[in-house]
Amino acid sequence: MHLSESVNTGFLFLAPWLVFFPVIGLLINTLFGHKFSERMIGAVASLASGAAFVVSVLLYVTVSGAHGEAMRWQLAEWMHIGTLSLDWTFRVDSLSTTMMLVVSGVGTLIHIYAIGYMHEDVRFKNDVGRFRRFFVFLNLFIAAMMVLITGDSYLMLFVGWEGVGLCSFLLVGFWYELDLLARPSWSNSFAAVKAFVANRVGDFGFLIATFIMFWAFGSLQFDKVFQQVPTVAPGVIIAITLFFLLGVTGKSAQVPLYVWLPDAMAGPTPVSALIHAATMVTAGVYLVARSAPLYSSVPEAQNIVALVGAVTALFAATIAAGQFDIKKVLAYSTISQLGFMVAAVGMGAYVAGIFHLVTHAFFKALLFLSAGSVILGMERGHHHAAHANHDNHGKGKKGKRKEERHDARAERSHSDSEGADEAHGEVFDPGDMRNMGGLRKTMPVTFWVYMAGMVALSGIPPFSGFWSKDEILLDASMHNQAAYWLLTIAAFFTAFYMGRQIWMVFFGEARHEAAARAEESPKVITVPLIILAALAVLGGALNLPFEGFHNLGHWLEATLGEVESLPLNLQVAGISTLLALLAILISWLMYARKPFAKDQTDPLASLGLFFKGMNNKWWMDELYHLLFINPYIKISYFIAEVIDWRFWHDWFHEKVIMGTYNWISFTGLNEYADQKGIDAFANGLGTWTQSLAGTLRKVQNGFVRSYALSILLGVVLILGYLIFK
Amino acid sequence: MTQSDLTTILPVTILTVWACVLLLVDLLIPKTRKGITALLSALGLAVTLGYTLAQIGSEVTGFNGMVTLDGFSIFVNALLLVSGLLGVALAYGYIKRMGIERGEYYTLLLFSVVGMMLMAQATDLIVVFLALELLSIPLYVLAAFARDKTDSEEAGLKYFLLGAFSSGFLVYGIALIFGATHTTNIFAIVEFVSTSTGSLLLTIGAALLLIGFGFKVAVVPFHMWTPDVYQGAPTAVTAFMTSGAKIAGFAALLRVFATAFPSIAADMTNVFWVISAATMILGNVAAVAQTDIKRLLAYSSIAHAGYILMAFVPYGNETVVATSVAAGLFYLVAYVFTNFGAWGVVIALEKEAGKGLALDDYAGLAKKHPALAAAMTIFMLSLIGLPPTIGLIGKLYLFRAVIDAGFVWLAIIGVLTSVVSAFYYLRVVVIMYMKDGEPAAERETWLDTTTLVTALVTVVVSFIPQFLFAWASEAVLKLF
Amino acid sequence: MIPVDYYIILSAILFTIGVLGVLVRRNALIIFMSIELMLNAANLAIVAFGSVFESFSGQIFVFFVIAVAAAEVAVGLALIVEIFRSKRSIDVDQVSSLKG
Amino acid sequence: MEFILQPLTLVIFFPLVGVLALLFIPSENKNAMRWTALAVSVATFVISLWVLGRFDASNTDLQMVARYNWITVAGWNIQYFLGIDGLSILLVLLTTLLTPISILSTWTAVEERVKEYMIFFLLLEIGMNGVFLVQDLFLFYIFWEFTLVPMYFIIGIWGGPRRIYAALKFFLYTMAGSILMLLAILWLGIHGKTFSLPDLIAQGGIPANIQMWLFIAFAAAFAIKVPMWPLHSWLPDAHVEAPTAGSVILAGVLLKLGTYGFVRFNIPLFPEATLQAAPWIALLGTIGIIYGAAVSYAQPDIKKLVAYSSVSHLGFVMLGLFALNPEGIAGAILQMINHGISTGALFLLVGMVYEQTHTREFRVYGGLWKIMPVFGAIYLIVSLSSMGLPGLNGFVGEFTILLGAWGAGQNGIFYWGGVWFAGISAIGVIMAAIYILYMFQKMFMGPQGEVVEETKKHGRAIRDLNWREIVTVVPLLILIFWIGLYPAPFFNLIAPAVNHLVGTLPLP
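Here the protein sequences line up with chains A, B, C and D, keeping their order.
Under our numbering, the final residue of the first sequence carries the number 725; numbering is consecutive throughout.
Under our numbering, the final residue of the second sequence carries the number 480; numbering is consecutive throughout.
Under our numbering, the final residue of the third sequence carries the number 100; numbering is consecutive throughout.
Under our numbering, the final residue of the fourth sequence carries the number 508; numbering is consecutive throughout.
These aren't lab readings, by the way, just hints derived from the structure by calculation.
Check each hint, because a few of them may be wrong.
[Unchecked claim] In the DSS-like style, the derived pairs of lysine-lysine whose C-alpha atoms are separated by at most 25 angstroms in a straight line are:
id	chain 1	residue 1	chain 2	residue 2
1	A	Lys523	A	Lys441
2	A	Lys698	C	Lys99
3	B	Lys351	B	Lys367
4	D	Lys456	D	Lys370
5	A	Lys594	A	Lys441
6	B	Lys355	B	Lys368
7	B	Lys355	B	Lys435
8	D	Lys370	A	Lys35
9	B	Lys96	B	Lys355
10	B	Lys435	B	Lys351
11	C	Lys87	B	Lys355
12	C	Lys87	B	Lys149
13	D	Lys115	D	Lys30
14	D	Lys456	B	Lys368
15	D	Lys457	D	Lys370
16	C	Lys99	B	Lys355
17	B	Lys368	D	Lys115
18	B	Lys367	D	Lys30
19	A	Lys698	C	Lys87
20	D	Lys115	B	Lys435
21	B	Lys31	B	Lys367
22	B	Lys368	B	Lys478
23	B	Lys149	B	Lys96
24	B	Lys368	B	Lys96
25	B	Lys149	B	Lys31
26	B	Lys351	C	Lys99
27	A	Lys698	B	Lys355
28	D	Lys115	B	Lys367
29	C	Lys99	B	Lys149
30	B	Lys435	D	Lys30
31	A	Lys125	D	Lys30
32	A	Lys612	A	Lys598
[Stated by the list, open to error] Label pairs and their in silico Cβ distance ranges:
id	chain 1	residue 1	chain 2	residue 2	range
33	B	Val17	C	Val81	24 to 34 angstroms
34	A	Pro631	D	Leu172	30 to 40 angstroms
35	C	Gln59	B	Lys31	38 to 48 angstroms
36	B	Thr195	C	Ala12	36 to 46 angstroms
37	D	Tyr68	B	Thr7	18 to 28 angstroms
38	D	Lys457	A	Ser85	51 to 61 angstroms
39	D	Lys457	A	Val57	16 to 26 angstroms
40	A	Pro444	D	Lys457	27 to 37 angstroms
For every residue, glycine included, the Cβ atom is placed at its ideal position computed from N, Cα and C.
Based on the provided sequences and hints, a complete structural model is requested.
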């Protein structure tokens, strides 16, 4: 092991433990988990994640001591062949420390939250044994994410990059036999496959980028690549950066590969929060920020990245405004916010991008977890309601909950084949906002933390989202007008759909019995929510746009190079704040002034086709099916069945080649064996071998005299040759 | 009669005397114990073999150059005696089982071996003729040995008529050669030819001789008797015939042509070429359509005669002939062992009244008698020329020698026909291993021993072929 | 003295007659006789050559051939008798159950 | 004795001990036969480890050479010539590892004619190791053809309903290909006066136009074996009909004989022809990758799917080999091992579930993960390794191959093909994800499939893996992670030999 830096390395040696701790956690749970209680499993997993957080903090301390200088810790050799030379080297610098703090910090909170959430979830879905698996996957995710952000080369980053993709697949497909409403279905598993495949499309871009990079730079190691940027033709770098962009659009759900993220909400809520909002999806942003020297050297590529981000931000925001599922709204919101980040890093505003990444991690995790809490509450409420209908004696007394659940489970397993919810007479969607309303009263804690998230996301000062988003808008206004306007409009939509959501979920009257009977979640769920809420509210302090406060900016400077620390621009901030407030006002007018009623059509429907488009996600899924998926299936089936099988296998090889062979040997012989007799044989002759063999058999007729003739024939031929030659 | 005369014919004499004595002794052996005759005849063969092997290296000529005992004849004699032994071993249980057990069987076999040995030793055309008849006549009788079976009778008659017919050509050929060269001694013929211009009479005579030998070794177009006779004759006889007669025929062919007729090599080479090619093609192609194992092996023996004849094609080319003929001898050895082994398996499966000889009767053999099936597989592989068997090595030597002599196309025909042969040989294997059936096989000590020994030789020699080839090269060295 | 060529031509004619006899006749005995004719044609040639060359080996060879022919007769006739016993015929075309 | 105790001779022929022992075990005693075969194959594995221990990776020459004259008269110069180097050592180890695993996997699957089965397996091991270790072209040909025989019987006797057809097809195709190779070998041996591969390479000097013909002749044999598109038609039949262990060995080792042949013979023997052929082979490899992946997706039969995926995977190997740079070739060699491990393991796993359900139609599966959690997890890992997930073995190979191919494209090795081959092949990575995940989804995710009820109807309940089955796959799982995370020891074994090989090429 060698140390690349001569500075005091402090706790650097702990870097690999960022990965090892979660791995140890998952191994313990995998191998011994079947003997553990749920609490124990959760504790092991959370401790593993927590340990990673502690390591992150220690590394932060170390890196701060070195003023953010990059430090590298080589763990082992990896691939050394030809000129390719890659090691398992961990890179700790200000950027990766920031990321690892977010990942392990938010991650640990979500682990804890998940103990409570999954406790209920596995019971509602009737497979208690799967509790353990969830935490194994979650730890695996933390490990993969740590590899991603601490990798010292693009390829090690890629390991984490695909690793988190795998975790995403596993966790989206966690309830692989169900659909969103817990009915037996393929839909969740399809969502999982879709997530992985879409990511792989992006990874294809990533791979190509690494190939070009390797043969242009001779290395995939960050420092070596960045040092040579001036010596490499810009065209090559443009190619590299654009292929990376394809990877980014996959991982960070940007246009055109974003389609997997909304479906990924099939995963349990903590997954949506951790992976599909706070951490994994920001990997693309991290990649661009990490590649800052590359992107900064090619403005053309930067513009494209910024536009992709901006377009995504607006496009997803419009869809979010038309959704009824509480998690879908958040999912499109995530896509939209990721668009903000990508646009930011695309414009070279790396600090702004990372800043937004951090604050977004706080408030979006908060929102998702709160939404999860809402859904749990709704499920509980629905359960009571159903049970009340079913059995008038058991009216949702707290003390009886366990028993009731037990009964319900028995009932469920009894009616498994018919589908769980049909047993209760109706299909109930606990995530549909049209079923909610008035939850403010039944779930007060959730309501307040949700509000915190909402204001942060909407960009209301002085909450965290305001500061980070404003910084992006400010940068955009200076670098890229088109992106600026797109983002500003997106910001308007953001505030609108968040307002719409809040009004529909928490205000007004309960539109469903379940909402009326909803219950607040237990402490194991609410405590992490409160912590996250605090972070969401105060997160802006990380990088306030005032002289002497650009903490994050200065911190990241060591890694990203000189960054401009812009002061607050009142014009930009003013416009965005005003728009946000206006949007919330409009949403209030539409959804709260006259509370949204049961079975009411959405007021937005008056927009006609525009709303339909928003509601149907602009038919992108259908378009993709039409353009890519169906053709792919058709082409593969065509190749497989027609070309490969019927033509190549059956016709060419069976008929032509094997047929000829059979002709020559087997068919003829078998026919002969069956029919006996020379005539039958003669009829069945097909090939020259057969006919020759047959002729020979005829010649061999058993008559001595013809044999003698043959001898004479030989004599004549030989003598004839010798005499007349 | 001088000392050298006696030494020259001593192996033959031992065996002849032994056979005559056995004929008498057999009268004293009760009908039920004819096995003793078998053992005694085997003993005779073994003693002669021992003596022959002891003579390796010696080189004597007797009876005014009519007979010789040189490296070549010792090699061939040894091989013949081994064939005799294997023939006795195969016959031991078989003729008992088929109800044709009579003491004469072994005596006839011994006489036939004597004829074969004499054929290898003959250096005078008169002796060649005598030896040829001495080997043939007992074989005619043996072929018809199962007197109550019409097939056997038919085989005997066909063999006899056609054999006599071909002897007619042989004798006439000798007459013409005599007319052309004033002598029947092959050394004298060489001498005569070297001092005079070649005559058409000699060429025709040589061609007629070739017909006589060609009949014995069964090459196209003198092969037509082979399938019928091999099928009709008792299997143990067939096994012996396919090997012994072939060895003797080739030995005589080689000695006569290589020693006496190098002068007409240019013409004869073409003839040999065509015959060899035609034999390989016809034998293998015709075998494809066979459903009776005996006929299949009969055609296979024709095909192999073609391969062996390849070795004689370049017989006039002094630079390669030694290697080529050595390769031929090696191939003969390979063929003899493989062939006996295969016939041994056939005998094990044969039932009374010609049952158990169809290919389909081999279905399921691998399940019922795995060792037998494995042995048969080895023999089939060897006949195709696949490793790890001696058949491969034989073909390698042979093809290479032919290629070196410049007959590339002949080698290609050889390879291609080998590929064709794979079809029908492997069919046997496929049937044994992959079809279901209930074959019953006779397990008898001598038979099993024969099969085992031949299988072992077939495999083991393929790993250490050098010594045998060296011996064969040594043996033919003095011929040219 | 009659030139040797005449003997040779005669023997060739005899040999041809013998060959044709084998080919055209169906009676096993006659076929056998034709074969004997072939052998004797050869004998004639050898004797003729022998007398021209004033060599004994030719004459000696003829004796051998005659002796061998006698042996063949013994075996051959026995075979033919055997065939006659089972087939009641010595037509060689009847003896053609082995074929193919 | 000295002859027998040569390490390489021992590796090849030690299974013969098992064959002999098996011959003397009575047919009723099936377990004794199983244990004997297992013990002997494990012992062979241990011997191969001993070879590994004696192997000096930094030495690019052949090592542990055993060289004796075999047929050196009549113009032939054929030797018993064994040697091992970095190109072959991993393949030998793979063979000796997969054989005991296959034997273990048939513990309960084969009840009929156990003796012959085990004998054929041990014979097969002899043949495969022979191919990898032999340095004499003629002997190579013999071992090459010899491997056909046991496999022919294994498919033909213990295979599925159309086994005879499949066995024959397998046999004929490979045989047909190798006839041309035989001619080329004979030409080389006669022309060069020796069959020794190192000597022939050292002699060199084959005219370029003849090189091309010889290259094609060798390639014909190898390409059918690989199988390269479009010569793959025998593969699905053979795999579908073969018994589980047969498929494991077929996919795991036998297909590698072809790719190994290219790197061992074609490239060093015919360097000029290799350079000319590189773009064409790379083109076929690329087509194979895409085609195989597309066709895999449309297969209803698990084994067929995996068989076609082999076409795709081996397309990668071919692409890497003919990139002709160290990255590509080393990656290809490692990928041969990876494919052996992953696809071998996949076939093992398919066999395990097939043994219970008796159907390979995976669309009737579904939801198996719930019933078979351990199996599901293992299957997932193996599938992921097959689709090249970073951190698992498949990725290391695929990445280095594609990296090499991209470099080759840039450096003009592929002429007109350029970087397109690598670029298009990389799409195969996406397509692999599609068919692998599709298979996994249809088998393990979603609601419980009909097959569960069907199986119950036959009086069996689907169970998770038992200990024997887990033990069977665990070594492969360990390798999947080991190569994926720490391939350095493997690359270290390969690299010197590969660098040496590339050094001998007249690269532009």
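Hint check results:
no.: 1; hint: Lys523(A) <-> Lys441(A); in the structure: 17 angstroms, holds
no.: 2; hint: Lys698(A) <-> Lys99(C); in the structure: 8 angstroms, holds
no.: 3; hint: Lys351(B) <-> Lys367(B); in the structure: 19 angstroms, holds
no.: 4; hint: Lys456(D) <-> Lys370(D); in the structure: 16 angstroms, holds
no.: 5; hint: Lys594(A) <-> Lys441(A); in the structure: 18 angstroms, holds
no.: 6; hint: Lys355(B) <-> Lys368(B); in the structure: 18 angstroms, holds
no.: 7; hint: Lys355(B) <-> Lys435(B); in the structure: 19 angstroms, holds
no.: 8; hint: Lys370(D) <-> Lys35(A); in the structure: 19 angstroms, holds
no.: 9; hint: Lys96(B) <-> Lys355(B); in the structure: 16 angstroms, holds
no.: 10; hint: Lys435(B) <-> Lys351(B); in the structure: 20 angstroms, holds
no.: 11; hint: Lys87(C) <-> Lys355(B); in the structure: 22 angstroms, holds
no.: 12; hint: Lys87(C) <-> Lys149(B); in the structure: 11 angstroms, holds
no.: 13; hint: Lys115(D) <-> Lys30(D); in the structure: 7 angstroms, holds
no.: 14; hint: Lys456(D) <-> Lys368(B); in the structure: 36 angstroms, violated
no.: 15; hint: Lys457(D) <-> Lys370(D); in the structure: 19 angstroms, holds
no.: 16; hint: Lys99(C) <-> Lys355(B); in the structure: 17 angstroms, holds
no.: 17; hint: Lys368(B) <-> Lys115(D); in the structure: 12 angstroms, holds
no.: 18; hint: Lys367(B) <-> Lys30(D); in the structure: 14 angstroms, holds
no.: 19; hint: Lys698(A) <-> Lys87(C); in the structure: 24 angstroms, holds
no.: 20; hint: Lys115(D) <-> Lys435(B); in the structure: 17 angstroms, holds
no.: 21; hint: Lys31(B) <-> Lys367(B); in the structure: 37 angstroms, violated
no.: 22; hint: Lys368(B) <-> Lys478(B); in the structure: 50 angstroms, violated
no.: 23; hint: Lys149(B) <-> Lys96(B); in the structure: 15 angstroms, holds
no.: 24; hint: Lys368(B) <-> Lys96(B); in the structure: 24 angstroms, holds
no.: 25; hint: Lys149(B) <-> Lys31(B); in the structure: 20 angstroms, holds
no.: 26; hint: Lys351(B) <-> Lys99(C); in the structure: 21 angstroms, holds
no.: 27; hint: Lys698(A) <-> Lys355(B); in the structure: 24 angstroms, holds
no.: 28; hint: Lys115(D) <-> Lys367(B); in the structure: 10 angstroms, holds
no.: 29; hint: Lys99(C) <-> Lys149(B); in the structure: 16 angstroms, holds
no.: 30; hint: Lys435(B) <-> Lys30(D); in the structure: 22 angstroms, holds
no.: 31; hint: Lys125(A) <-> Lys30(D); in the structure: 47 angstroms, violated
no.: 32; hint: Lys612(A) <-> Lys598(A); in the structure: 20 angstroms, holds
no.: 33; hint: Val17(B) <-> Val81(C): 24 to 34 angstroms; in the structure: 31 angstroms, holds
no.: 34; hint: Pro631(A) <-> Leu172(D): 30 to 40 angstroms; in the structure: 37 angstroms, holds
no.: 35; hint: Gln59(C) <-> Lys31(B): 38 to 48 angstroms; in the structure: 46 angstroms, holds
no.: 36; hint: Thr195(B) <-> Ala12(C): 36 to 46 angstroms; in the structure: 27 angstroms, violated
no.: 37; hint: Tyr68(D) <-> Thr7(B): 18 to 28 angstroms; in the structure: 40 angstroms, violated
no.: 38; hint: Lys457(D) <-> Ser85(A): 51 to 61 angstroms; in the structure: 58 angstroms, holds
no.: 39; hint: Lys457(D) <-> Val57(A): 16 to 26 angstroms; in the structure: 59 angstroms, violated
no.: 40; hint: Pro444(A) <-> Lys457(D): 27 to 37 angstroms; in the structure: 54 angstroms, violated
Figure legend: structure checked against the earlier numbered hints; hints not met, in rising order: 14, 21, 22, 31, 36, 37, 39, 40.
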